[in-house]
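Student: These protein sequences, in sequence, are chains A and B. Residue numbering for the first sequence follows my numbering, beginning at -9 and increasing consecutively. Residue numbering for the second sequence follows my numbering, beginning at 71 and increasing consecutively.
Do not rely on the hints blindly, as some may be mistaken.
Below, a sample of chain A positions facing chain B; criterion: calculated Cβ distance under 8 Å [to be verified]: (1) -2; (2) 4; (3) 5; (4) 39; (5) 40; (6) 46; (7) 63; (8) 72; (9) 75; (10) 87; (11) 91; (12) 92; (13) 98; (14) 102; (15) 105; (16) 107.
Simulated restraints, written as ranges between beta carbons of each label pair [stated by the list, open to error]: (17) 167(A) <-> 86(B): 35 to 45 Å; (18) 316(B) <-> 212(A): 12 to 22 Å; (19) 119(A) <-> 212(B): 39 to 49 Å; (20) 253(B) <-> 167(A): 32 to 42 Å; (21) 253(B) <-> 60(A): 28 to 38 Å; (22) 319(B) <-> 156(A): 26 to 36 Å; (23) 77(A) <-> 223(B): 42 to 52 Å; (24) 192(B) <-> 170(A): 51 to 61 Å; (25) 53(A) <-> 79(B): 41 to 51 Å.
When the alpha-carbon atoms are kept at most 20 Å apart in a straight line, the in silico SDA-like pairs for lysine to any residue are as follows [what the hints assert, rightly or not]: (26) 241(B) <-> 198(A); (27) 211(A) <-> 182(A); (28) 241(B) <-> 258(B); (29) 198(A) <-> 214(A); (30) 16(A) <-> 169(A); (31) 53(A) <-> 322(B); (32) 53(A) <-> 169(B); (33) 53(A) <-> 166(B).
Everything labelled a hint here was simulated from the structure, so no lab data went into it. Note that CB positions come from ideal geometry on N, CA and C, so glycine has one too.
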Amino acid sequence: MIRVDHLTKYYGEYPAVRDVSFEVPKGRVVGFLGPNGAGKSTTMRILAGFLTASSGQATIAGKDVFSDPIAVRRQIGYMPENCPLYPELRVDEYLKFRAGLKGLGWSARRKRIDYVLERCWLSDVRRQLVGTLSKGYRQRVGLADALLADPPVLILDEPTAGLDPTQIRETRKLIRELGREHTMLLSTHILTEVEMACDSVIIIYQGKVAEDGTLAEVRRKHKNQSLEEIFVRLTGQEGI
Amino acid sequence: MRALFSLIRREFLAYFLSPIAYVALFVFLFVNGVLFNFTLSALTESGPRGVEYPMRAWLGSEVFWLVFLFVPPLLTMRLFAEERGTGTLELLLTAPIRDWQVVAGKFFACFLFYVVLWLPTLAYLPILVDLDWQTGQPRIDPWPVVTSYLGVLLAGGMFLAIGLFISSLVKSQIVAAMIALLVSLIFVAAGFWPGGFDTGTGFGSLLYLVTVPEQFRHDFTRGLIDTRPLVLYVSVTIFCLFLTVRSLEARRLGA
């Protein structure tokens, strides 16, 4: 469903992503791991069409991210890091705007908004200003936005960052549920999250893929160590 | 098309969700009210003094243009700078909408608000053309009104497009407003050049080409349509919108 081929991205002289290749089959929930600054967000931004790669190719549902951006963006629900929103709008106004932007018709718009509000436990704040929401609720609004057009692919950049334990648990549950219907690529720092919610894992370090496989495969390859130990070893911080 | 419409709607309504709209409306109407008052006293002056073209006393004055300068940057500063600052630009640019549609939507929305800004001034018109309420006929030539409004709409579009482009370059709204103001100033302050519009010299006619207040004093407010200013307004507008689209594309290439 998602196919990345020798993707490279330079910021000026600095290579943020170097020759990254991986594939996410349809229906799979993939955890995208790596230390800060490893190139996770950059890769996701390229997939979502916010950035253009310096070289290499990425396709989603067989469509090229670079040459057919609009068609690709229709296939994706994307939630950026830190989940930026318009603070001056109410939750339902915001979703109405986003639904229009995604080309939903009037009747479909109302139906989908009701559905995502329900799905992301937002019904009780639908008339609240986005700016007054707590971090957990904002995150859910971002997720609701990603789900609006019912895209086959979800790309979520750190969906649980900055949440309290209860919210993390709720979000994780939601992700697990969504994983049944959507192909999903989600980045995170929390390794237990990957173990609980994901089918397979891609570990990226210094702009390169360090490990790629299903959880069981990766564990077997590293002699049944915990994911945390594998992560620390691969990202070169063994001595610490 | 749906996406474009949705964007225009949100951008236009966003003005009314912040104090900007009300501040801009107030300042603009206040200054126009004062200038209208001056025009009115000139119109009703007894004796040989008075005005030949009431529109000229209003829109041809330096006071109007010096205050007007502040209005377009106020309207355009937030369009891209705010979204870049808060990061919502990422959401907008990953939605299934083309870059030129984003630019067109934002430009159209601020232009629409600019038109709203002018709407209350229509109330002055019966007096500025000295309308005869019995016959409904104007007793002063009404064409200067038509050409003046055509002029302010197109010139306003130019200033808005400049502001929109500059807003796409920076992250801070204040910086966007200040730079836009500075660039717009070129089109107004050129008129303060000493020895200005000596029509005999090539420099004088060159200066005329870029000085918006002079174009209004000389042509639009007297009912004349000179194609040279119109070409200036439309071409600068289109050029700035084109640059804005390019600036968004450059953002994607990332540096």
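Student: If a hint holds in the structure, say so; if it does not, say that too.
Tutor: Now the hints, each set against the structure:
Given the 8 Å rule on beta carbons, the hint for residue -2(A) is violated: about 12 Å separates it from the nearest Cβ of chain B. Below 8 Å, beta-carbon pairs count as interface contacts, and residue 4(A) has none with chain B, the closest being about 10 Å; its hint is therefore violated. Below 8 Å, beta-carbon pairs count as interface contacts, and residue 5(A) has none with chain B, the closest being about 12 Å; its hint is therefore violated. Given hint, residue 39(A) at the interface with chain B, holds; its Cβ is 5 Å from that chain's nearest Cβ, closer than 8 Å.
A least Cβ separation of about 5 Å between residue 40(A) and chain B falls short of the 8 Å threshold, and the interface hint therefore holds. For residue 46(A), the interface hint is violated, since its Cβ never comes within 8 Å of a Cβ in chain B; the closest pair sits about 14 Å apart. About 4 Å separates the beta-carbon of residue 63(A) from the nearest beta-carbon of chain B, less than 8 Å, and the hint is met. The beta carbon of residue 72(A) is positioned within 8 Å of a beta carbon in chain B (closest approach about 6 Å), and the interface hint is therefore held.
Annotation: interface hint on residue 75(A) holds; nearest CB of chain B at approximately 7 Å, less than 8 Å. With a least beta-carbon distance of about 5 Å to chain B, the hint placing residue 87(A) at the interface is held under the 8 Å criterion. Here the hint on residue 91(A) is kept, as its CB sits about 4 Å from the closest CB of chain B, short of 8 Å. This hint holds: residue 92(A) has a C-beta 6 Å from the nearest C-beta of chain B, less than the 8 Å allowed.
A cut of 8 Å between beta carbons decides the hint on residue 98(A): the least distance to chain B is about 11 Å, and the hint is violated. At a threshold of 8 Å, the smallest CB-CB gap from residue 102(A) to chain B is about 14 Å, leaving the interface hint violated. At its closest, the beta carbon of residue 105(A) sits 19 Å from a beta carbon of chain B; the interface hint therefore is violated under the 8 Å criterion. Given hint, residue 107(A) at the interface with chain B, is violated; its Cβ is 18 Å from that chain's nearest Cβ, farther than 8 Å.
Take residue 167(A) and residue 86(B): their Cβ atoms lie about 38 Å apart, and the range 35 to 45 Å holds. For residue 316(B) paired with residue 212(A), a C-beta distance near 48 Å fails the hint of 12 to 22 Å. A hinted range of 39 to 49 Å for the beta carbons of residue 119(A) and residue 212(B) is consistent with their spacing of about 47 Å. Look at residue 253(B) against residue 167(A): about 52 Å separates their beta carbons, and that is not inside 32 to 42 Å.
Distance hint check for residue 253(B) and residue 60(A): the Cβ-Cβ separation is about 33 Å, which falls inside the suggested range of 28 to 38 Å. Distance hint for residue 319(B) and residue 156(A): a CB-CB separation of about 43 Å, inconsistent with the stated range 26 to 36 Å. Distance hint check for residue 77(A) and residue 223(B): the Cβ-Cβ separation is about 32 Å, which falls outside the suggested range of 42 to 52 Å. Residue 192(B) and residue 170(A) have their C-beta atoms about 59 Å apart, which keeps the hinted 51 to 61 Å range intact.
At roughly 29 Å, the beta carbons of residue 53(A) and residue 79(B) sit outside the given window of 41 to 51 Å. Of the supplied pair hints, the one linking residue 241(B) and residue 198(A) is violated, its CA atoms being roughly 31 Å apart against a limit of 20 Å. Taking the CA atoms of residue 211(A) and residue 182(A), the gap is near 19 Å; set against the 20 Å cutoff, the hint holds. Of the supplied pair hints, the one linking residue 241(B) and residue 258(B) is violated, its CA atoms being roughly 26 Å apart against a limit of 20 Å.
The hinted pair formed by residue 198(A) and residue 214(A) fails the criterion: a straight-line CA distance of about 23 Å is larger than 20 Å. As the CA atoms of residue 16(A) and residue 169(A) are separated by approximately 11 Å, the hinted pair is consistent with the 20 Å bound. The straight-line distance between the Cα atoms of residue 53(A) and residue 322(B) is roughly 19 Å, inside the 20 Å bound, and the hint therefore holds. Between residue 53(A) and residue 169(B) the alpha-carbon distance is near 19 Å, which keeps this suggested pair within the 20 Å criterion.
For the hint linking residue 53(A) to residue 166(B), the alpha-carbon distance of about 14 Å falls within 20 Å, and the restraint holds.
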